[in-house]
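Spelled out from the first residue to the last, the chains are:
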Amino acid sequence: MVVRQYQQELEYLEKITPYSWRIKKGFQPNMNVEGVFYVNQTLEKLMLDELRNACRPGMVGGFLPGVKQIANVAALPGIVGRSVGLPDVHSGYGFAIGNMAAFDMDNPDSIVSPGGVGFDINCGVRLLRTNLFEKDVMPVKEELAQSLFDHIPVGVGSKGIIPMNARDLEEALEMGMDWSLREGYIWAEDKEHCEEYGRMLNADPSKVSVRAKKRGLPQLGTLGAGNHYAEIQVVEEIYDKSAASKMGIEEQGQICVMIHSGSRGFGHQVATDALVQMEKAMKRDNIETNDRQLACARIHSQEGQDYLKSMAAAANFAWVNRSSMTFLSRQAFAKKFGMTPDDLDMHVIYDVSHNIAKVEEHIVDGKPRTLLVHRKGSTRAFPPHHPLIPVDYQLTGQPVLIGGTMGTCSYVLTGTEQGMLETFGSTCHGAGRALSRAKSRRNLDYQEVLRKLDYMGISIRVASPKLVMEEAPESYKNVTDVVNTCHAAGISKKCIKLRPIAVIKG
Amino acid sequence: MSKRLLNALEYPQVDSLDLNDENTFRKVIAWTEMNRIQRAPPNIVNILKNINARDWQEVYTDYKDRMGCPALSSKLEELHWLLGYAVQLETQKNRNVYLKHAVENLQSTNVVPSVVAENLLDKLDFRCKEFADGINELAKTLKTAPHPDPFVTLKAVRKVITKRLAPDCVANPQNYILTGTPFPIQDADLGFDLNNATLNQAAKILRMLYIQDLRDLQTKANELIVAVQGVTANPKTDTKLGQVGY
Numbered sequence: 001m002v003v004r005q006y007q008q009e010l011e012y013l014e015k016i017t018p019y020s021w022r023i024k025k026g027f028q029p030n031m032n033v034e035g036v037f038y039v040n041q042t043l044e045k046l047m048l049d050e051l052r053n054a055c056r057p058g059m060v061g062g063f064l065p066g067v068k069q070i071a072n073v074a075a076l077p078g079i080v081g082r083s084v085g086l087p088d089v090h091s092g093y094g095f096a097i098g099n100m101a102a103f104d105m106d107n108p109d110s111i112v113s114p115g116g117v118g119f120d121i122n123c124g125v126r127l128l129r130t131n132l133f134e135k136d137v138m139p140v141k142e143e144l145a146q147s148l149f150d151h152i153p154v155g156v157g158s159k160g161i162i163p164m165n166a167r168d169l170e171e172a173l174e175m176g177m178d179w180s181l182r183e184g185y186i187w188a189e190d191k192e193h194c195e196e197y198g199r200m201l202n203a204d205p206s207k208v209s210v211r212a213k214k215r216g217l218p219q220l221g222t223l224g225a226g227n228h229y230a231e232i233q234v235v236e237e238i239y240d241k242s243a244a245s246k247m248g249i250e251e252q253g254q255i256c257v258m259i260h261s262g263s264r265g266f267g268h269q270v271a272t273d274a275l276v277q278m279e280k281a282m283k284r285d286n287i288e289t290n291d292r293q294l295a296c297a298r299i300h301s302q303e304g305q306d307y308l309k310s311m312a313a314a315a316n317f318a319w320v321n322r323s324s325m326t327f328l329s330r331q332a333f334a335k336k337f338g339m340t341p342d343d344l345d346m347h348v349i350y351d352v353s354h355n356i357a358k359v360e361e362h363i364v365d366g367k368p369r370t371l372l373v374h375r376k377g378s379t380r381a382f383p384p385h386h387p388l389i390p391v392d393y394q395l396t397g398q399p400v401l402i403g404g405t406m407g408t409c410s411y412v413l414t415g416t417e418q419g420m421l422e423t424f425g426s427t428c429h430g431a432g433r434a435l436s437r438a439k440s441r442r443n444l445d446y447q448e449v450l451r452k453l454d455y456m457g458i459s460i461r462v463a464s465p466k467l468v469m470e471e472a473p474e475s476y477k478n479v480t481d482v483v484n485t486c487h488a489a490g491i492s493k494k495c496i497k498l499r500p501i502a503v504i505k506g
Numbered sequence: 001m002s003k004r005l006l007n008a009l010e011y012p013q014v015d016s017l018d019l020n021d022e023n024t025f026r027k028v029i030a031w032t033e034m035n036r037i038q039r040a041p042p043n044i045v046n047i048l049k050n051i052n053a054r055d056w057q058e059v060y061t062d063y064k065d066r067m068g069c070p071a072l073s074s075k076l077e078e079l080h081w082l083l084g085y086a087v088q089l090e091t092q093k094n095r096n097v098y099l100k101h102a103v104e105n106l107q108s109t110n111v112v113p114s115v116v117a118e119n120l121l122d123k124l125d126f127r128c129k130e131f132a133d134g135i136n137e138l139a140k141t142l143k144t145a146p147h148p149d150p151f152v153t154l155k156a157v158r159k160v161i162t163k164r165l166a167p168d169c170v171a172n173p174q175n176y177i178l179t180g181t182p183f184p185i186q187d188a189d190l191g192f193d194l195n196n197a198t199l200n201q202a203a204k205i206l207r208m209l210y211i212q213d214l215r216d217l218q219t220k221a222n223e224l225i226v227a228v229q230g231v232t233a234n235p236k237t238d239t240k241l242g243q244v245g246y
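Protein sequences appear in the order of chains A and B.
Note that the first sequence ends on residue 506 in UniProt numbering; no numbers are left out.
Note that the second sequence ends on residue 246 in UniProt numbering; no numbers are left out.
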């Protein structure tokens, strides 16, 4: 790799609008297309500081800076348009988290990469609304948090409480949310308000290793650890009244429940298995990448197809997982308030995936093209009238759920036409890490973090409190900066701001 | 008309018959009694069968009185009555068969409407001013915007009547009239521009109609899922299975 000074590196970067930067070809070797990243002033500083640190002598090994990773993705075979970094971008395995890239399905050289999806396949966020208000919940807040904690299994090694045997798992992997529907855990409207209607049709459980299934079976219906959480939130601000009303959010103070979870150990194992296969495929097909972590295979090769089918099964796992937790949350609320979930109007507003690769139709250079769109730490944000979004949101655009970090705000955005043109209908997914997990553990004290939450009036139930500083707001970029950048750049539009009052964590 | 009855009775080669001919007349009477009515004693049947018999006329008079034929002014009318009587007997004999097919027959007539002999609407002049005025008046009463073509207005009026003035709808309007929060569609993004305000407006209205259709379809799909859930659903939890909470 070329070693350059920070000042020399900057020559390849150009600010094209107040909220976006171009990464010119040559920044990394063999770039097929240019890169772009969206930042405001604060995020821009974080981004460039990361690059500057990496340019210091002796800084080798470890994760590459996000901006370098975006450029490496631009060098992958078959990429079209631009390699896009969203405002919450930070270093990840191969692809940066917050990077989206689209590959032409009709180009035989195009690739699919597990690094472009991430290890937690179909990690995503689901938002439930209620007809309760802050004043109804405040007196019972602690009990409600405890009730949620009692219902939803959390933490490393937790096990689900919905009985499942191996056959159930096979069916769930193939059917996704249709399985949850069939068994009666969820409502028909939940499916309607879920990306892909909660089921990837190309899922093939026979392509998934026994090991993955063994890891997955006991974990179905569990929240997991890391940045995953279930939160009781209050509507703090409504920016777009009519769009919010379409989502059933009428007033400030309304109570919502946000569930952020993924495919647990199952998805991780699927990705690990695929990486091994892909390294072999790369040797066989002579695929060259700038980074060993960018293991990939041609989309139409056996390995590529096998990965897409097992990834789809993992995606279905994640949807069943979030559906099971939806069921459990409804139970917890129903018991606490002595009303049915129906009476509490606990409908799913939407369910988004932010670690997934999907085949989509897009217009590139004025022509319709079929693309394999990788979104890693990036949320699909389709504009109004797009055929793949639910009928209820045809006028508003797809709701985009942005989960904040523990103790900070979350947002609901909507997709825009401009996002469709600039970023293949993609936007940010959350705050995005600023400090590594290890750095957070070194720099922060967990008791201090918990005290601060208490001071803010947020009830917290956490399975492993000593890891809480990894998820402290200080370890992340400011989610408001991230969301405002997306709004200002026009790639999605602010609709609702939510504030947590109780957090359940792994 | 008699020929239609004969057709119904499946008399051979009805079209070429001349019922005014005495021989034909006698043959038809004999055939109908022997094959369809079958109510006369054998001695009468034997004479009716022999159309050249001298006492045929007398026996026939006796026969029709036995069957209960009223006094009619001509022989053809008597024949018509007897044929009608035969058809009636046949219908009664096969009553169950006809009833069973009635539904199917009705359905088939609905698809291809047969000509209704006396339909007052057939004689209406749909292009006359009176008709157009009437329709517009009706539309005004129902608060429907009139269209230059009265037929289109009539269709719209029909929709309003069948949807909103059905007895159940009048009794329980809350079940039919959709309520919702208004959405500022004029500010909504159309997704494309036709460079003409009127066309854009029309496209927006088409979008709305399409969304309404889609909503109907999705609601039906949801209802279907719920119906299936009624059979398959059995959600259960077992808190013993996992460690819940800490």
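Treat the hints with care, as some may be off.
[As the list claims (entries may be wrong)] Examples of chain B residues toward chain A, derived with CB under 8 Å: (1) Lys-3; (2) Gln-218; (3) Gln-229; (4) Ala-233.
[Said to hold, decoys possible] With a Cα cut of at most 27 Å, we get these calculated DSS-like pairs of lysine-lysine: (5) B:Lys-155 x B:Lys-143; (6) A:Lys-309 x A:Lys-214; (7) B:Lys-129 x B:Lys-143; (8) B:Lys-75 x A:Lys-336; (9) A:Lys-367 x A:Lys-159; (10) B:Lys-123 x B:Lys-159; (11) B:Lys-220 x A:Lys-367; (12) A:Lys-466 x A:Lys-141; (13) B:Lys-140 x B:Lys-163; (14) B:Lys-64 x B:Lys-75; (15) A:Lys-214 x B:Lys-236; (16) B:Lys-220 x B:Lys-155; (17) A:Lys-241 x B:Lys-204; (18) A:Lys-241 x A:Lys-283; (19) B:Lys-140 x B:Lys-75; (20) B:Lys-163 x B:Lys-220; (21) B:Lys-236 x A:Lys-335; (22) A:Lys-213 x B:Lys-204; (23) A:Lys-159 x B:Lys-93; (24) B:Lys-140 x B:Lys-129; (25) A:Lys-335 x A:Lys-135.
[Claimed, not checked] Rough simulated footprint, nothing fancy, chain B against chain A, three-plus residues with beta-carbon under 8 Å: (26) 29-43; (27) 300-311; (28) 381-391.
Bear in mind the hints are in silico, worked out from the structure with no lab data behind them.
Backbone N, C-alpha and C define an ideal beta-carbon position, used for all residues, glycine too.
Checked hints:
1. With a cut of 8 Å, the hint placing B:Lys-3 at the interface with chain A is violated, because the nearest CB-to-CB distance is about 60 Å.
2. Contact between B:Gln-218 and chain A, as hinted, is supported at the beta carbon level, the nearest pair being about 5 Å apart and thus within 8 Å.
3. Contact between B:Gln-229 and chain A, as hinted, is supported at the beta carbon level, the nearest pair being about 6 Å apart and thus within 8 Å.
4. This hint holds: B:Ala-233 has a C-beta 2 Å from the nearest C-beta of chain A, less than the 8 Å allowed.
5. Between B:Lys-155 and B:Lys-143, the direct Cα distance comes to roughly 14 Å. Compliance with the 27 Å bound is thereby established for this hinted pair.
6. Simply put, A:Lys-309 and A:Lys-214 have alpha-carbon atoms about 18 Å apart, close enough for the 27 Å limit, and the pair holds.
7. With a C-alpha separation of about 20 Å, the suggested pairing of B:Lys-129 with B:Lys-143 holds against the 27 Å cut-off.
8. Distance restraint check for B:Lys-75 and A:Lys-336: the Cα-Cα separation of roughly 92 Å exceeds the 27 Å cut-off, and the hinted pair is therefore not satisfied.
9. This hinted pair does not check out: A:Lys-367 and A:Lys-159 have alpha carbons roughly 49 Å apart, beyond 27 Å.
10. Our distance criterion of 27 Å between C-alpha atoms is met by B:Lys-123 and B:Lys-159, whose separation comes to about 24 Å.
11. Distance hint between B:Lys-220 and A:Lys-367 is unfulfilled; the C-alpha atoms sit about 35 Å from each other, more than 27 Å.
12. With a C-alpha separation of about 24 Å, the suggested pair A:Lys-466 and A:Lys-141 falls inside the 27 Å cut-off, and the hint holds.
13. Only pairs whose Cα atoms come within 27 Å are accepted, and B:Lys-140 paired with B:Lys-163 is accepted, the gap being roughly 17 Å.
14. A distance of roughly 11 Å separates the Cα atoms of B:Lys-64 and B:Lys-75; the hinted pair therefore holds under the 27 Å criterion.
15. Restraint check for A:Lys-214 and B:Lys-236: satisfied, since their Cα atoms lie roughly 22 Å apart, inside the 27 Å limit.
16. Restraint check for B:Lys-220 and B:Lys-155: the C-alpha separation of about 25 Å stays at or below 27 Å, so the hint holds.
17. Taking the CA atoms of A:Lys-241 and B:Lys-204, the gap is about 21 Å. The hint holds against a cut of 27 Å.
18. Restraint check: the Cα-Cα separation between A:Lys-241 and A:Lys-283 comes to about 54 Å, which exceeds 27 Å; the hinted pair is violated.
19. Straight-line distance between C-alpha atoms of B:Lys-140 and B:Lys-75 comes to about 59 Å, which puts the hinted pair past the 27 Å bound.
20. With a C-alpha separation of about 18 Å, the suggested pairing of B:Lys-163 with B:Lys-220 holds against the 27 Å cut-off.
21. With a CA separation close to 15 Å, the supplied pair B:Lys-236 and A:Lys-335 stays within the 27 Å bound.
22. A distance of roughly 49 Å separates the Cα atoms of A:Lys-213 and B:Lys-204; the hinted pair therefore is violated under the 27 Å criterion.
23. For a cut-off of 27 Å, the pair hint linking A:Lys-159 to B:Lys-93 is broken: about 73 Å separates their Cα positions.
24. Between the alpha carbons of B:Lys-140 and B:Lys-129 the distance comes to roughly 16 Å, so the proposed pair stays at or under 27 Å and holds.
25. For the suggested pair A:Lys-335 and A:Lys-135, the alpha carbons sit about 18 Å apart, so the restraint of at most 27 Å is met.
26. Coverage of the segment 29-43 of chain A by chain B is violated. Counting CB-CB distances below 8 Å, 0 residues qualify, and the rule asks for three or more.
27. Under a criterion of three residues with beta carbons nearer than 8 Å to beta carbons of chain B, the stated coverage of the segment 300-311 of chain A fails, only 0 such residues being counted.
28. Given a C-beta distance limit of less than 8 Å, the hint that chain B covers the segment 381-391 of chain A holds, as 5 residues qualify and 3 suffice.
The structure shown violates the earlier hints numbered 1, 8, 9, 11, 18, 19, 22, 23, 26, 27.
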